[in-house]
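Undergrad: What follows is each chain in one-letter form.
Number of protein chains: 2
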Amino acid sequence: MNKFIIILSIFGFTLGNAIGQNQVTSNLNVMPWPKELSEQPGRFHIDSTMTISITSETHGRVHMAATNFLRRLSMRTGVFLEEGFPLPGKSANIQIAFNKVATLGVETDESYTLEVTDDLVTISSNTDVGAMNGLQTLLQLTQNTADSYYFPGIKITDAPRFVWRGLMIDVARHFQPVGVLKRNLEAMAAVKLNVFHWHLTDDQGFRVESKVYPKLHELASDGLYYTQEQIKDVVAYADALGIRVIPEFDVPGHASAILTAYPELGSKDGYEYAIERYSGVFDPTLNPTKAITYEFLQNLFSEMVPLFPDVYFHIGGDENEGKHWDENQDIQAFKNKHHLKTNHELQTYFNIKVEKILNNLDKKMMGWDEIMTPNMPTTTVIHSWRGANEGLGQGGSLIDAAKKGYQTVLSNGFYIDRLQSVESHYLVDPIGEVTLTDAERRRILGGEATMWSELVTPMTIDSRIWPRTAAIAERFWSQPEITDVANMKKRLQQVSFTLEELGLTHIKNRDVILRSMTNNQDISALITLSKICEPLKVYSRNKDGIEYKTYSSFTLFADACVVDAEDAEPFNKAVDSYISNSNGTTDKNVLMYLNKWATNHEGFKTLSKNPKISPLYEMSENLSEIAGLLSKALEAKTFSKVELETIKKNLDVLNQPIADVEIVIVEALIKLSRFVENRY
Amino acid sequence: MNKFIIILSIFGFTLGNAIGQNQVTSNLNVMPWPKELSEQPGRFHIDSTMTISITSETHGRVHMAATNFLRRLSMRTGVFLEEGFPLPGKSANIQIAFNKVATLGVETDESYTLEVTDDLVTISSNTDVGAMNGLQTLLQLTQNTADSYYFPGIKITDAPRFVWRGLMIDVARHFQPVGVLKRNLEAMAAVKLNVFHWHLTDDQGFRVESKVYPKLHELASDGLYYTQEQIKDVVAYADALGIRVIPEFDVPGHASAILTAYPELGSKDGYEYAIERYSGVFDPTLNPTKAITYEFLQNLFSEMVPLFPDVYFHIGGDENEGKHWDENQDIQAFKNKHHLKTNHELQTYFNIKVEKILNNLDKKMMGWDEIMTPNMPTTTVIHSWRGANEGLGQGGSLIDAAKKGYQTVLSNGFYIDRLQSVESHYLVDPIGEVTLTDAERRRILGGEATMWSELVTPMTIDSRIWPRTAAIAERFWSQPEITDVANMKKRLQQVSFTLEELGLTHIKNRDVILRSMTNNQDISALITLSKICEPLKVYSRNKDGIEYKTYSSFTLFADACVVDAEDAEPFNKAVDSYISNSNGTTDKNVLMYLNKWATNHEGFKTLSKNPKISPLYEMSENLSEIAGLLSKALEAKTFSKVELETIKKNLDVLNQPIADVEIVIVEALIKLSRFVENRY
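If you're matching them up, the sequences are chains F and S in order.
Under UniProt numbering, the first residue of the first sequence is numbered 1, with each subsequent residue one higher.
Under UniProt numbering, the first residue of the second sequence is numbered 1, with each subsequent residue one higher.
Because the hints were derived from the structure by calculation, they are not lab data.
Treat the hints loosely; a few may be bogus.
Repeated chains share a single entry, so a pair holds when one copy, or any two copies, can fit it.
Unchecked claim - Distance condition first, Cα-Cα at most 30 Å in a straight line; then the derived DSSO-like pairs of lysine-lysine: (1) 609 <-> 596; (2) 182 <-> 211; (3) 404 <-> 353; (4) 637 <-> 337; (5) 609 <-> 489; (6) 632 <-> 596; (7) 605 <-> 588; (8) 573 <-> 337; (9) 637 <-> 489; (10) 364 <-> 403; (11) 211 <-> 232.
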């Protein structure tokens, strides 16, 4: 879960180059990469006569998937299909066949085979879900010449490595409307993610309508909640895409919102519970010693369970520091009476009672890894999130849980809200080189990327989730040997832009924010800056959780910037290559970037000033000055002391966070200036 | 309604410069322009201490509006407010006071006064809806210096000219998900539109879940329909924004979808009814002679009425050509028996019966102007859409209806799907210089922009509605004297980009489509072209309704282009000015554009070709050649015969529609080449 204050480091077993070889030898842009793929001669041409048929009998879900496939293919190719819907029978030139309609769960067979020849595409699978996976792969195979679009001849046999491939979205800290969820569900399906973990409650809000306890949504949501009908709608939408929905109701901690509505359930009498506006770990906690607490959970969960058909049900259980328990004498007395030595033991007492409630409702309880204590039954599911920085050993709780007999899911290493590079997530292997028995291995269900929403709004959430989550999806689906970062990045770029077909805003909202910043002036100078700036990482934006409130502005420059800034890697690589290989001729790419930045401040200066862009002025000016001097030095092959001093002084400034971003080419600029200093 | 085949011309009373003088003398970007506005000394500074209070007692709707106001202001200014929600009491520095909560209807008092001084903003109104209008105006007043944001000192007394200010969205021809509707409702509220006319059924689909007649959504929607819960959600969302929702169930024509589900209601036995995939006027029509038809409508409307609390209920009634009636002997016999001489009389017979059904359900029946016949009771409401091209006289049916005693609403002149200039709509005055009695004037409720969706998808609909509809909103709200087109365009530009705050995609989706067209290559050359190209107008795209099916691709170049192309007007004006004033010195603006286009093909040529961009190649090449030659001629002041011939040949090509767009600078290029020819 979301340890806000403590700075986490990515744990897991980092796959170095030593482990496995890249198996991706083709130029195809499929992601996640299939289990087995062989390119074949031939091409299937996509033209107006293309048709698709589903030969199996019951096919509601796959019918929709096939229709959406046709729409996206039309959108991408501009081809006007004569038949816009799947046909009955076997007459079509894309044929889908499967044995049965799946009920979604961890046992679902998601495998499929796909074969493309000159005049026929066949997708075969055991379940409709497998067939839908085949359609997603087929769409990604779309290629073109100058004159036509086609699918290349191919044979694919595919199945996932892990059965649980999830994305968690926190809708408590910033509410995300149904439309945001739906477009992200579509994107999940496009990269074969199959679990949407819906973090519905937290200190900052309770986001579900409750008819049994209406104060929950009335008093603890600021009016921003899902009606039960909307919940059903989202769950049905996900199911149609082959995605399971796991709700999370976080207890006993992270309970400020619940206690705003029902303070009598709290652990500290007289405390003024209120919806939390800041970020962090807070004290309000359910009282585990009162009968009404369990009565409340019994009634609430009984109401919620029918909305969420999946058998797994997440109760959070994380980051309860027990401060209010310590401050409550009745709770201390209760602990003594029941021989519960620590707050952790008290929480286990609570968890065991909650699990009984859920078991009676035919649910399997899941919780963050704090719930794994010696007394906790192995029927619960452990969601591993903590690593070395939370005092856990290397390997964390995932392997531990599996060995102890728990089903388990990994999120440590996949905290996308930390805004770290795609590479850093991609190279986290959930299992690594640990040796496991078959039973232990089967208990490792998979993993989840976690989108905590302290700093994201509907305007920016897509750019925080995508495209990195597509690479994580590959980690969860593909074989562990698939670890070539450069190849992944090439494919990711293609996959990322095609997600725009689904309405995803991760690319287009950059310009929306920059237009807003400039009050609709020419944004090209800001775009140039945004391509070398990344939002501050690892919770160093919003220090201590109190720089931003939930209703602060999130349309600042940092919100327009994204991880893996577009121009940074090519420039940084060009500099490295230039320095290591320099034979006296100047690298064209290095100069191209330097000159672009050298002239950029000219454009920036023409902008009519306002308080949103002013903080960037010095950065823009410094960067242009440095880039200009370095460019001149590289071309003239001379360099004055004064120029060097100017560069150093400017670099000191650029090396600090500015306006909640870091400039991710500074290191390369420093290298370049040292090189120039030594050389000329 | 949607006369697809017949080419309409804009009717109404065009306001020339002669009528009224522009009253907009300030530099403010308010739209629609208020009734009375006077600028005052002083500035109210927007900083973190800004607070807002609502002093009236019941204020659910206005509380949400005030909260959203704070969010949008934060987004726009980057100011981190200490208080993110309206406060109770009178302590705040923005104070809202109103007398009562309105029930939305044509009698709702929407007026307000707004005053801004150095340290206080007050919004006063009779109803909460008026207060919400005041908040929208206040937001539009936001200004900035280099250091801060502020509202300028001002006093506004405002009220609408017309009580019915609508936008119709056709969700039948292309379904529009709830998210699309919600963001457009937000945009409507931002420009004080107050009626959402929801065209829910047509030949191409029946878009509402019916529990009484489930085949309607099951068989006649391709799975694309609103559940009843979604309908309620949209209606509630609109109500919270002060917007009424008028549903339209189009009968007896435009009935292919209904008859696909229930063919027994049709007028032609044995006809194979099917969801229509093309555009146009089709024959399937309900049978007005059968009792089951009225039983069906009685039951269907009884089911639908509770979903739509507004008293007005639209039954379409347009474009019934009666072909299937003519072909049915029983219907002919029925006409004879009931002395109904024409199909129009038969339709009136039908309409009168339908009106009784609706009256019994406490609804007021509204229909397109074909329903206005001598026998039709004046309790119905006439929606005027036809003009000169449909055989009606100048002035059409609006004034006629008002004089005959019907309430009436104008859409002729506001057919935004015709993709004509904002100016052409803006200058249509619903009443013009006609003299009316007070009673007649009161019966003219207002107008509606109509977004028929033959050629729009969720990807493109926003750019077809906005920003032009904001100017139409001003026509409906503001005084008739507000007719300065240049000033309107200046304000419109500002209003348009701020709509992006609401998630509107009218600006950002251009690049999405261009990225899709190029398979994610550099789109700058295509952007340059898109700024001088407009999609074909007045239904000349999709000739005869059969070039495109409903599921054809709508992510072509034409879909990236918009009306009032960005570079066209400034270039065309610069050319006119240059030609009329030329004293031998070359106009810098003319040259700037010519040089931009002259070099643009260099960029275009670097694009890897594909079938979506290939159709533009010749256009791009021709344009660059012409622009290069003209630029050279203007600078060198010489011009060869060969060059002239090349230009003429190229202009002939550019003067034709290419890839469903027209190049709207061709006329200016022709002028320029003639000028050059004569001069040099």
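Undergrad: So, for every hint listed, does it hold in this structure?
TA: So, going through the hints one by one against the coordinates:
no.: 1; hint: 609 <-> 596; in the structure: both (22 Å within a copy, 27 Å between copies)
no.: 2; hint: 182 <-> 211; in the structure: both (24 Å within a copy, 25 Å between copies)
no.: 3; hint: 404 <-> 353; in the structure: within (21 Å within a copy, 74 Å between copies)
no.: 4; hint: 637 <-> 337; in the structure: neither (81 Å within a copy, 102 Å between copies)
no.: 5; hint: 609 <-> 489; in the structure: between (37 Å within a copy, 23 Å between copies)
no.: 6; hint: 632 <-> 596; in the structure: both (13 Å within a copy, 28 Å between copies)
no.: 7; hint: 605 <-> 588; in the structure: both (27 Å within a copy, 22 Å between copies)
no.: 8; hint: 573 <-> 337; in the structure: neither (64 Å within a copy, 88 Å between copies)
no.: 9; hint: 637 <-> 489; in the structure: neither (35 Å within a copy, 52 Å between copies)
no.: 10; hint: 364 <-> 403; in the structure: within (19 Å within a copy, 70 Å between copies)
no.: 11; hint: 211 <-> 232; in the structure: both (15 Å within a copy, 18 Å between copies)
Violation of the numbered hints given earlier is confined to hints 4, 8, 9; the remaining hints are satisfied by the structure.
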